[in-house]
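Asker: Sequence:
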Amino acid sequence: MKISFFGGARWVTGSNYLLEHGEIKVLVDCGLFQGRKYAEDLNYETFRYRPSDINYVLLTHSHTDHIGRVPKLYKDGFRGKIYATSATKDLMAVSLPDSLNKIIEEAKSSDHPPLFEAEDVLEALALVEGFDYDTEINLFPEVKVVFHDAGHILGSSIIQLTWRETGVSRNIFFSGDLGNPPTPLLMPTEFISHADYLVIESAYGDRVHEEREKRKEKLIKVIKETIDRQGVLMIPTFAMERTQELLYELNELINNKKIPPIPVFIDSPLAIKLTDVYKKHFKYFNKTAVYLIDSGDDIFNFPGLRMTPTVEESKSINNISPPKIIIAGSGMSHGGRILHHELRYLPDPKNAILFVGYQVDGSRGRHIQRGDKAITIFGQTVPVNCHIENISSYSSHADQRSLLEWVEKANSDQRLKKVFVVQGEETPSKTLAYLIREKIGVDAVSPLENEAFELN
1 MKISFFGGAR WVTGSNYLLE HGEIKVLVDC GLFQGRKYAE DLNYETFRYR PSDINYVLLT
61 HSHTDHIGRV PKLYKDGFRG KIYATSATKD LMAVSLPDSL NKIIEEAKSS DHPPLFEAED
121 VLEALALVEG FDYDTEINLF PEVKVVFHDA GHILGSSIIQ LTWRETGVSR NIFFSGDLGN
181 PPTPLLMPTE FISHADYLVI ESAYGDRVHE EREKRKEKLI KVIKETIDRQ GVLMIPTFAM
241 ERTQELLYEL NELINNKKIP PIPVFIDSPL AIKLTDVYKK HFKYFNKTAV YLIDSGDDIF
301 NFPGLRMTPT VEESKSINNI SPPKIIIAGS GMSHGGRILH HELRYLPDPK NAILFVGYQV
361 DGSRGRHIQR GDKAITIFGQ TVPVNCHIEN ISSYSSHADQ RSLLEWVEKA NSDQRLKKVF
421 VVQGEETPSK TLAYLIREKI GVDAVSPLEN EAFELN
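Take the sequence shown: its position 69, counted from the start at 1, is 69 in our numbering, and no numbers get skipped.
Source of the hints: derived by calculation from the structure; they are not laboratory data.
Every residue, glycine too, gets a C-beta built ideally from N, C-alpha and C.
Check each hint, because a few of them may be wrong.
[As the list claims (entries may be wrong)] Lysine to aspartate or glutamate pairs mimicking DMTMM-like chemistry, simulated, CA-CA at most 25 Å apart:
(1) K75 - E45
(2) K2 - E20
(3) K81 - E45
(4) K102 - E312
(5) K75 - E449
(6) K350 - E313
(7) K418 - E451
(8) K350 - D372
(9) K279 - D413
(10) K279 - D294
(11) K279 - D132
(12) K89 - E245
(13) K409 - D399
(14) K409 - E249
(15) K258 - E389
(16) K273 - D294
(17) K430 - D399
(18) K280 - E249
(19) K430 - E454
(20) K75 - E40
(21) K418 - D134
(22) K324 - D298
(23) K214 - E389
(24) K280 - D298
(25) K279 - D98
(26) K287 - D276
(27) K417 - E449
[Said to hold, decoys possible] Cβ pair distances, simulated, as ranges:
(28) K279 - K224: 27 to 33 Å
(29) I24 - P383: 51 to 57 Å
(30) A452 - H387: 46 to 52 Å
(31) G296 - R48: 50 to 56 Å
(32) G441 - R48: 29 to 35 Å
(33) R164 - G441: 25 to 31 Å
(34) P303 - D413: 49 to 55 Å
(35) T381 - Y434: 36 to 42 Å
(36) V290 - Y434: 29 to 35 Å
Using the sequences provided together with the hints, build the complete structure.
Answerer: This is the structure:
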(Lines of atoms letter the chains of each structure in order from A; the text may use other names.)
(Lines give C-alpha, C1' and ligand atoms only; values in the text may rest on other atoms or scores of the structure.)
Protein backbone atom coordinates (compact mmCIF):
# COMPACT_ATOMS: atom_id res chain seq x y z
CA MET A 1 0.00 0.00 0.00
CA LYS A 2 1.22 3.47 -0.91
CA ILE A 3 -0.12 6.78 0.42
CA SER A 4 0.36 10.16 -1.28
CA PHE A 5 -0.51 13.58 0.13
CA PHE A 6 -2.04 15.92 -2.45
CA GLY A 7 -3.68 18.39 -0.08
CA GLY A 8 -3.89 19.12 3.62
CA ALA A 9 -0.11 18.69 3.96
CA ARG A 10 1.04 21.60 6.14
CA TRP A 11 -2.25 23.21 5.14
CA VAL A 12 -5.44 23.29 7.20
CA THR A 13 -7.54 22.99 4.06
CA GLY A 14 -7.57 21.03 0.78
CA SER A 15 -7.69 17.55 2.35
CA ASN A 16 -6.81 15.00 -0.37
CA TYR A 17 -5.04 11.67 0.12
CA LEU A 18 -4.49 8.83 -2.36
CA LEU A 19 -4.09 5.17 -1.40
CA GLU A 20 -2.77 2.73 -4.02
CA HIS A 21 -2.76 -1.04 -3.59
CA GLY A 22 -1.78 -2.74 -6.84
CA GLU A 23 -4.31 -1.52 -9.41
CA ILE A 24 -6.68 -0.31 -6.68
CA LYS A 25 -6.85 3.47 -6.15
CA VAL A 26 -8.85 4.95 -3.28
CA LEU A 27 -9.09 8.67 -2.55
CA VAL A 28 -9.82 9.97 0.94
CA ASP A 29 -11.41 13.44 0.80
CA CYS A 30 -11.21 15.92 -2.05
CA GLY A 31 -11.51 19.34 -0.48
CA LEU A 32 -11.13 22.94 -1.49
CA PHE A 33 -8.09 24.98 -0.51
CA GLN A 34 -9.31 28.06 1.37
CA GLY A 35 -8.07 31.20 3.08
CA ARG A 36 -5.89 33.03 0.56
CA LYS A 37 -5.94 33.92 -3.13
CA TYR A 38 -3.01 31.55 -3.56
CA ALA A 39 -5.13 28.81 -2.01
CA GLU A 40 -7.99 29.54 -4.39
CA ASP A 41 -5.58 29.28 -7.32
CA LEU A 42 -4.52 25.81 -6.16
CA ASN A 43 -8.08 24.57 -6.66
CA TYR A 44 -7.76 25.15 -10.40
CA GLU A 45 -4.56 23.15 -10.78
CA THR A 46 -4.70 19.76 -12.48
CA PHE A 47 -5.01 16.81 -10.11
CA ARG A 48 -1.72 14.97 -9.56
CA TYR A 49 -3.45 11.71 -10.50
CA ARG A 50 -5.91 10.76 -13.22
CA PRO A 51 -9.43 11.09 -11.78
CA SER A 52 -10.65 8.40 -14.19
CA ASP A 53 -8.31 5.90 -12.47
CA ILE A 54 -9.87 6.39 -9.02
CA ASN A 55 -12.11 3.49 -7.97
CA TYR A 56 -13.55 4.96 -4.77
CA VAL A 57 -13.70 8.27 -2.93
CA LEU A 58 -14.20 8.07 0.84
CA LEU A 59 -15.34 11.26 2.58
CA THR A 60 -14.69 11.98 6.25
CA HIS A 61 -17.32 14.72 6.51
CA SER A 62 -19.15 17.45 4.63
CA HIS A 63 -17.04 20.56 5.28
CA THR A 64 -15.97 22.24 2.06
CA ASP A 65 -12.27 21.75 2.73
CA HIS A 66 -12.97 18.00 2.61
CA ILE A 67 -15.56 17.69 -0.19
CA GLY A 68 -15.37 20.93 -2.19
CA ARG A 69 -13.44 19.59 -5.21
CA VAL A 70 -15.53 16.43 -5.65
CA PRO A 71 -17.50 18.02 -8.54
CA LYS A 72 -14.20 19.00 -10.20
CA LEU A 73 -13.04 15.42 -9.78
CA TYR A 74 -16.18 14.31 -11.64
CA LYS A 75 -15.69 17.00 -14.28
CA ASP A 76 -12.14 15.74 -14.88
CA GLY A 77 -13.19 12.12 -15.41
CA PHE A 78 -14.00 10.36 -12.12
CA ARG A 79 -16.84 7.83 -12.47
CA GLY A 80 -16.31 5.55 -9.48
CA LYS A 81 -18.28 5.38 -6.23
CA ILE A 82 -18.34 7.88 -3.36
CA TYR A 83 -18.92 6.57 0.16
CA ALA A 84 -19.77 8.63 3.26
CA THR A 85 -22.13 8.49 6.23
CA SER A 86 -25.83 9.00 5.52
CA ALA A 87 -25.83 12.38 7.30
CA THR A 88 -22.79 13.52 5.29
CA LYS A 89 -24.59 12.56 2.09
CA ASP A 90 -27.62 14.70 3.02
CA LEU A 91 -25.47 17.64 4.12
CA MET A 92 -23.49 17.49 0.87
CA ALA A 93 -26.72 17.78 -1.12
CA VAL A 94 -27.21 21.20 0.50
CA SER A 95 -23.65 22.48 0.83
CA LEU A 96 -22.21 21.64 -2.61
CA PRO A 97 -24.82 23.65 -4.58
CA ASP A 98 -24.20 26.55 -2.20
CA SER A 99 -20.46 26.21 -2.78
CA LEU A 100 -21.10 26.32 -6.53
CA ASN A 101 -22.79 29.71 -6.18
CA LYS A 102 -19.71 31.14 -4.45
CA ILE A 103 -17.40 29.58 -7.05
CA ILE A 104 -19.41 31.13 -9.90
CA GLU A 105 -19.30 34.55 -8.21
CA GLU A 106 -15.54 34.29 -7.71
CA ALA A 107 -15.02 33.18 -11.32
CA LYS A 108 -16.99 36.15 -12.63
CA SER A 109 -15.08 38.64 -10.50
CA SER A 110 -11.76 37.10 -11.59
CA ASP A 111 -12.85 36.73 -15.23
CA HIS A 112 -12.18 33.02 -15.68
CA PRO A 113 -14.36 29.89 -16.07
CA PRO A 114 -15.75 28.39 -12.85
CA LEU A 115 -14.08 25.39 -11.22
CA PHE A 116 -17.09 23.24 -12.14
CA GLU A 117 -20.69 23.57 -13.32
CA ALA A 118 -24.10 22.71 -11.87
CA GLU A 119 -24.22 19.51 -13.91
CA ASP A 120 -20.96 18.34 -12.33
CA VAL A 121 -22.45 18.87 -8.86
CA LEU A 122 -25.60 16.90 -9.66
CA GLU A 123 -23.73 14.03 -11.33
CA ALA A 124 -21.19 13.82 -8.49
CA LEU A 125 -23.96 13.75 -5.87
CA ALA A 126 -25.60 10.90 -7.76
CA LEU A 127 -22.50 8.78 -7.08
CA VAL A 128 -22.70 9.20 -3.29
CA GLU A 129 -23.86 6.28 -1.14
CA GLY A 130 -24.56 6.76 2.57
CA PHE A 131 -23.78 4.29 5.37
CA ASP A 132 -24.27 4.08 9.13
CA TYR A 133 -21.37 4.14 11.55
CA ASP A 134 -19.64 0.81 12.26
CA THR A 135 -20.87 -0.83 9.06
CA GLU A 136 -18.22 -2.96 7.34
CA ILE A 137 -18.06 -2.12 3.62
CA ASN A 138 -16.23 -4.32 1.13
CA LEU A 139 -14.45 -2.26 -1.52
CA PHE A 140 -12.51 -5.20 -2.94
CA PRO A 141 -11.98 -8.76 -1.69
CA GLU A 142 -8.86 -7.65 0.19
CA VAL A 143 -9.88 -4.07 1.13
CA LYS A 144 -12.59 -3.08 3.65
CA VAL A 145 -13.79 0.23 5.09
CA VAL A 146 -15.60 1.25 8.29
CA PHE A 147 -16.80 4.73 9.31
CA HIS A 148 -16.38 5.57 13.02
CA ASP A 149 -17.87 8.59 14.82
CA ALA A 150 -15.44 11.54 14.84
CA GLY A 151 -17.75 13.79 16.90
CA HIS A 152 -16.75 16.84 14.84
CA ILE A 153 -19.95 17.72 12.97
CA LEU A 154 -23.12 15.81 12.13
CA GLY A 155 -22.11 12.63 10.31
CA SER A 156 -18.37 13.24 10.60
CA SER A 157 -16.28 10.11 10.53
CA ILE A 158 -12.94 8.52 11.21
CA ILE A 159 -12.25 6.27 8.24
CA GLN A 160 -10.73 2.85 8.87
CA LEU A 161 -9.33 1.12 5.81
CA THR A 162 -8.16 -2.47 6.22
CA TRP A 163 -6.15 -4.41 3.66
CA ARG A 164 -4.22 -7.68 3.51
CA GLU A 165 -0.65 -7.82 2.37
CA THR A 166 1.45 -11.05 2.32
CA GLY A 167 -1.29 -12.67 4.37
CA VAL A 168 -1.19 -10.03 7.13
CA SER A 169 -4.04 -7.61 7.89
CA ARG A 170 -3.15 -3.91 8.16
CA ASN A 171 -5.23 -0.90 9.31
CA ILE A 172 -4.89 2.78 8.47
CA PHE A 173 -7.19 5.33 10.11
CA PHE A 174 -7.93 8.81 8.75
CA SER A 175 -9.07 11.06 11.58
CA GLY A 176 -10.77 13.59 9.31
CA ASP A 177 -11.43 16.38 11.81
CA LEU A 178 -11.74 15.13 15.38
CA GLY A 179 -14.34 16.71 17.64
CA ASN A 180 -13.93 18.72 20.80
CA PRO A 181 -16.16 16.91 23.32
CA PRO A 182 -18.33 17.31 25.18
CA THR A 183 -20.44 19.12 22.58
CA PRO A 184 -24.03 20.29 23.06
CA LEU A 185 -25.37 18.05 20.29
CA LEU A 186 -23.14 15.18 19.29
CA MET A 187 -21.71 11.99 20.76
CA PRO A 188 -18.05 12.17 21.81
CA THR A 189 -15.21 11.27 19.47
CA GLU A 190 -14.71 7.52 19.20
CA PHE A 191 -11.35 6.12 20.25
CA ILE A 192 -9.91 3.49 17.94
CA SER A 193 -7.48 0.58 18.28
CA HIS A 194 -5.53 -1.94 16.19
CA ALA A 195 -4.00 0.90 14.18
CA ASP A 196 -0.88 0.33 12.10
CA TYR A 197 -0.97 3.83 10.60
CA LEU A 198 -2.74 7.07 11.44
CA VAL A 199 -3.42 10.17 9.38
CA ILE A 200 -4.37 12.79 11.96
CA GLU A 201 -5.44 16.41 11.79
CA SER A 202 -3.49 19.14 13.61
CA ALA A 203 -5.42 22.41 13.31
CA TYR A 204 -4.83 22.97 17.04
CA GLY A 205 -1.70 20.85 17.31
CA ASP A 206 0.21 23.57 19.13
CA ARG A 207 -2.39 24.83 21.60
CA VAL A 208 -4.96 23.87 24.21
CA HIS A 209 -8.52 25.22 24.29
CA GLU A 210 -9.81 27.15 27.24
CA GLU A 211 -11.93 25.12 29.65
CA ARG A 212 -15.28 24.24 28.09
CA GLU A 213 -17.14 25.05 31.32
CA LYS A 214 -16.01 28.65 30.91
CA ARG A 215 -17.27 29.03 27.36
CA LYS A 216 -20.91 29.52 28.39
CA GLU A 217 -19.83 32.06 31.00
CA LYS A 218 -17.83 33.91 28.35
CA LEU A 219 -20.78 33.84 25.91
CA ILE A 220 -23.12 35.24 28.57
CA LYS A 221 -20.56 37.93 29.46
CA VAL A 222 -20.04 39.03 25.83
CA ILE A 223 -23.80 39.19 25.18
CA LYS A 224 -24.55 41.14 28.35
CA GLU A 225 -21.72 43.62 27.77
CA THR A 226 -22.95 44.23 24.21
CA ILE A 227 -26.49 44.76 25.52
CA ASP A 228 -25.20 47.23 28.14
CA ARG A 229 -23.48 49.21 25.37
CA GLN A 230 -26.66 49.02 23.26
CA GLY A 231 -24.52 47.51 20.56
CA VAL A 232 -24.59 44.82 17.88
CA LEU A 233 -22.90 41.47 18.42
CA MET A 234 -21.68 39.91 15.16
CA ILE A 235 -20.82 36.22 15.16
CA PRO A 236 -19.21 35.02 11.92
CA THR A 237 -19.97 31.35 11.94
CA PHE A 238 -19.83 28.24 9.84
CA ALA A 239 -23.27 27.27 8.61
CA MET A 240 -22.71 23.68 9.64
CA GLU A 241 -22.47 22.59 13.30
CA ARG A 242 -21.36 25.91 14.81
CA THR A 243 -24.64 27.62 13.96
CA GLN A 244 -26.65 24.71 15.32
CA GLU A 245 -24.57 24.60 18.52
CA LEU A 246 -25.11 28.32 19.06
CA LEU A 247 -28.86 27.95 18.52
CA TYR A 248 -28.93 25.12 21.06
CA GLU A 249 -27.02 27.13 23.66
CA LEU A 250 -28.92 30.39 23.09
CA ASN A 251 -32.16 28.43 23.45
CA GLU A 252 -30.96 27.13 26.82
CA LEU A 253 -29.71 30.53 28.03
CA ILE A 254 -32.93 32.32 27.13
CA ASN A 255 -35.21 29.56 28.45
CA ASN A 256 -33.31 29.63 31.76
CA LYS A 257 -33.34 33.47 31.82
CA LYS A 258 -29.54 33.70 31.88
CA ILE A 259 -29.70 36.33 29.14
CA PRO A 260 -32.65 38.54 28.22
CA PRO A 261 -34.53 37.76 25.01
CA ILE A 262 -33.16 40.11 22.36
CA PRO A 263 -33.41 39.90 18.56
CA VAL A 264 -31.20 37.11 17.22
CA PHE A 265 -30.85 36.75 13.45
CA ILE A 266 -29.63 33.68 11.59
CA ASP A 267 -28.63 35.47 8.41
CA SER A 268 -27.52 32.51 6.32
CA PRO A 269 -29.72 30.66 3.83
CA LEU A 270 -27.29 27.75 3.96
CA ALA A 271 -27.36 27.52 7.76
CA ILE A 272 -31.17 27.54 7.70
CA LYS A 273 -31.27 24.65 5.21
CA LEU A 274 -28.60 22.70 7.09
CA THR A 275 -30.50 23.09 10.36
CA ASP A 276 -33.39 21.25 8.70
CA VAL A 277 -30.97 18.41 7.87
CA TYR A 278 -29.88 18.33 11.51
CA LYS A 279 -33.49 17.93 12.60
CA LYS A 280 -33.80 14.92 10.27
CA HIS A 281 -30.75 13.14 11.73
CA PHE A 282 -31.25 13.63 15.46
CA LYS A 283 -30.34 9.94 16.01
CA TYR A 284 -26.72 11.14 15.79
CA PHE A 285 -27.27 13.49 18.78
CA ASN A 286 -26.16 12.76 22.32
CA LYS A 287 -28.58 11.57 25.00
CA THR A 288 -29.18 15.02 26.49
CA ALA A 289 -30.16 16.58 23.17
CA VAL A 290 -32.39 13.62 22.28
CA TYR A 291 -34.07 13.83 25.70
CA LEU A 292 -34.86 17.53 25.21
CA ILE A 293 -36.31 16.84 21.76
CA ASP A 294 -38.38 13.94 23.08
CA SER A 295 -39.70 16.15 25.89
CA GLY A 296 -41.00 18.69 23.38
CA ASP A 297 -38.23 21.31 23.38
CA ASP A 298 -37.53 22.77 19.94
CA ILE A 299 -33.81 23.01 20.57
CA PHE A 300 -33.22 25.20 17.51
CA ASN A 301 -35.86 27.83 18.31
CA PHE A 302 -36.51 30.39 21.04
CA PRO A 303 -38.20 33.81 21.61
CA GLY A 304 -36.56 36.57 19.57
CA LEU A 305 -35.04 34.28 16.94
CA ARG A 306 -35.56 35.23 13.31
CA MET A 307 -34.36 33.36 10.24
CA THR A 308 -33.62 35.66 7.29
CA PRO A 309 -33.23 33.50 4.17
CA THR A 310 -34.00 36.18 1.54
CA VAL A 311 -31.94 39.23 0.62
CA GLU A 312 -34.84 41.51 1.56
CA GLU A 313 -35.11 39.91 5.01
CA SER A 314 -31.36 40.21 5.46
CA LYS A 315 -31.43 43.91 4.64
CA SER A 316 -34.32 44.44 7.07
CA ILE A 317 -31.97 43.54 9.96
CA ASN A 318 -30.56 47.05 9.60
CA ASN A 319 -33.97 48.46 10.59
CA ILE A 320 -33.95 46.72 13.97
CA SER A 321 -32.49 48.90 16.69
CA PRO A 322 -29.72 47.43 18.85
CA PRO A 323 -29.02 45.55 20.95
CA LYS A 324 -29.15 42.55 18.64
CA ILE A 325 -27.15 39.49 17.68
CA ILE A 326 -26.35 38.63 14.06
CA ILE A 327 -25.09 35.13 13.27
CA ALA A 328 -23.99 34.93 9.65
CA GLY A 329 -21.54 33.23 7.31
CA SER A 330 -18.90 32.82 6.35
CA GLY A 331 -17.11 31.66 9.46
CA MET A 332 -13.78 33.21 8.43
CA SER A 333 -15.34 36.39 6.97
CA HIS A 334 -14.09 35.18 3.62
CA GLY A 335 -17.41 35.94 1.95
CA GLY A 336 -21.14 35.74 2.55
CA ARG A 337 -23.54 38.03 4.36
CA ILE A 338 -21.31 38.63 7.38
CA LEU A 339 -19.30 41.03 5.20
CA HIS A 340 -22.26 43.40 4.84
CA HIS A 341 -22.68 43.48 8.62
CA GLU A 342 -18.96 43.95 9.23
CA LEU A 343 -18.92 46.83 6.77
CA ARG A 344 -21.69 48.50 8.75
CA TYR A 345 -20.80 47.61 12.34
CA LEU A 346 -17.02 47.10 12.67
CA PRO A 347 -16.26 50.86 12.95
CA ASP A 348 -18.51 51.43 15.99
CA PRO A 349 -16.90 50.83 19.44
CA LYS A 350 -20.33 49.97 20.93
CA ASN A 351 -20.41 46.81 18.83
CA ALA A 352 -18.53 43.53 19.14
CA ILE A 353 -17.43 40.67 16.91
CA LEU A 354 -17.13 37.22 18.42
CA PHE A 355 -15.02 34.50 16.79
CA VAL A 356 -16.08 30.97 17.68
CA GLY A 357 -14.16 29.08 15.00
CA TYR A 358 -10.72 28.64 13.51
CA GLN A 359 -9.50 31.52 11.34
CA VAL A 360 -7.17 30.34 8.58
CA ASP A 361 -4.00 32.36 8.07
CA GLY A 362 -4.64 35.00 5.39
CA SER A 363 -8.40 35.06 5.89
CA ARG A 364 -10.21 38.31 6.65
CA GLY A 365 -11.29 36.81 9.97
CA ARG A 366 -7.66 36.19 10.97
CA HIS A 367 -6.81 39.83 10.18
CA ILE A 368 -9.62 41.09 12.43
CA GLN A 369 -8.85 38.54 15.14
CA ARG A 370 -5.17 39.50 15.34
CA GLY A 371 -6.04 43.18 15.80
CA ASP A 372 -5.59 44.83 12.39
CA LYS A 373 -6.84 48.42 12.69
CA ALA A 374 -8.52 48.31 9.28
CA ILE A 375 -9.55 45.72 6.72
CA THR A 376 -10.81 45.84 3.15
CA ILE A 377 -14.39 44.84 2.33
CA PHE A 378 -15.85 45.23 -1.17
CA GLY A 379 -12.94 47.51 -2.06
CA GLN A 380 -13.56 49.81 0.91
CA THR A 381 -11.18 50.38 3.81
CA VAL A 382 -13.14 49.64 6.98
CA PRO A 383 -11.76 50.72 10.39
CA VAL A 384 -12.01 48.08 13.12
CA ASN A 385 -13.04 49.89 16.31
CA CYS A 386 -15.45 47.36 17.79
CA HIS A 387 -14.65 44.91 20.58
CA ILE A 388 -12.95 41.70 19.39
CA GLU A 389 -13.83 38.57 21.35
CA ASN A 390 -12.78 34.93 21.01
CA ILE A 391 -14.09 31.69 22.47
CA SER A 392 -11.72 28.95 21.36
CA SER A 393 -13.61 26.17 23.15
CA TYR A 394 -16.43 26.55 20.63
CA SER A 395 -14.05 25.05 18.15
CA SER A 396 -15.28 21.73 16.80
CA HIS A 397 -11.63 20.62 16.48
CA ALA A 398 -9.73 18.65 19.10
CA ASP A 399 -6.91 20.56 20.76
CA GLN A 400 -3.34 19.37 21.35
CA ARG A 401 -4.19 17.50 24.55
CA SER A 402 -7.09 15.63 22.93
CA LEU A 403 -5.14 14.82 19.78
CA LEU A 404 -2.31 13.28 21.80
CA GLU A 405 -4.79 11.26 23.87
CA TRP A 406 -6.42 9.93 20.69
CA VAL A 407 -3.05 8.82 19.29
CA GLU A 408 -2.01 7.30 22.61
CA LYS A 409 -5.18 5.20 22.83
CA ALA A 410 -4.81 4.20 19.18
CA ASN A 411 -1.43 2.80 20.19
CA SER A 412 -2.71 0.94 23.26
CA ASP A 413 -1.72 -2.40 21.71
CA GLN A 414 1.70 -1.05 20.63
CA ARG A 415 1.29 -1.89 16.95
CA LEU A 416 1.26 1.69 15.62
CA LYS A 417 4.10 2.10 13.13
CA LYS A 418 3.75 5.65 11.85
CA VAL A 419 1.60 8.75 12.24
CA PHE A 420 1.11 11.26 9.43
CA VAL A 421 0.23 14.70 10.81
CA VAL A 422 -1.85 16.78 8.40
CA GLN A 423 -4.55 19.46 8.15
CA GLY A 424 -2.67 22.06 10.13
CA GLU A 425 -0.45 25.02 9.38
CA GLU A 426 3.26 24.23 9.47
CA THR A 427 3.93 25.09 13.12
CA PRO A 428 0.97 23.19 14.66
CA SER A 429 1.58 20.24 12.37
CA LYS A 430 5.30 19.94 13.15
CA THR A 431 4.70 20.58 16.87
CA LEU A 432 2.20 17.75 17.12
CA ALA A 433 4.48 15.39 15.19
CA TYR A 434 7.33 16.19 17.59
CA LEU A 435 5.14 15.56 20.65
CA ILE A 436 3.92 12.23 19.28
CA ARG A 437 7.53 11.13 18.85
CA GLU A 438 8.65 12.42 22.24
CA LYS A 439 5.67 11.60 24.47
CA ILE A 440 4.22 8.48 22.80
CA GLY A 441 7.36 7.08 21.21
CA VAL A 442 5.85 6.54 17.75
CA ASP A 443 7.40 7.73 14.51
CA ALA A 444 5.47 10.79 13.29
CA VAL A 445 5.99 13.05 10.31
CA SER A 446 4.41 16.17 8.90
CA PRO A 447 4.41 15.28 5.18
CA LEU A 448 5.05 17.77 2.43
CA GLU A 449 2.67 18.39 -0.45
CA ASN A 450 2.94 15.60 -3.06
CA GLU A 451 5.07 13.44 -0.75
CA ALA A 452 4.44 9.67 -0.83
CA PHE A 453 5.15 6.80 1.59
CA GLU A 454 5.06 3.02 1.39
CA LEU A 455 2.93 1.32 4.08
CA ASN A 456 4.46 -2.06 4.84
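Asker: Tell me, in ascending order, the numbers of any earlier hints that this structure violates.
Answerer: 9, 14, 36
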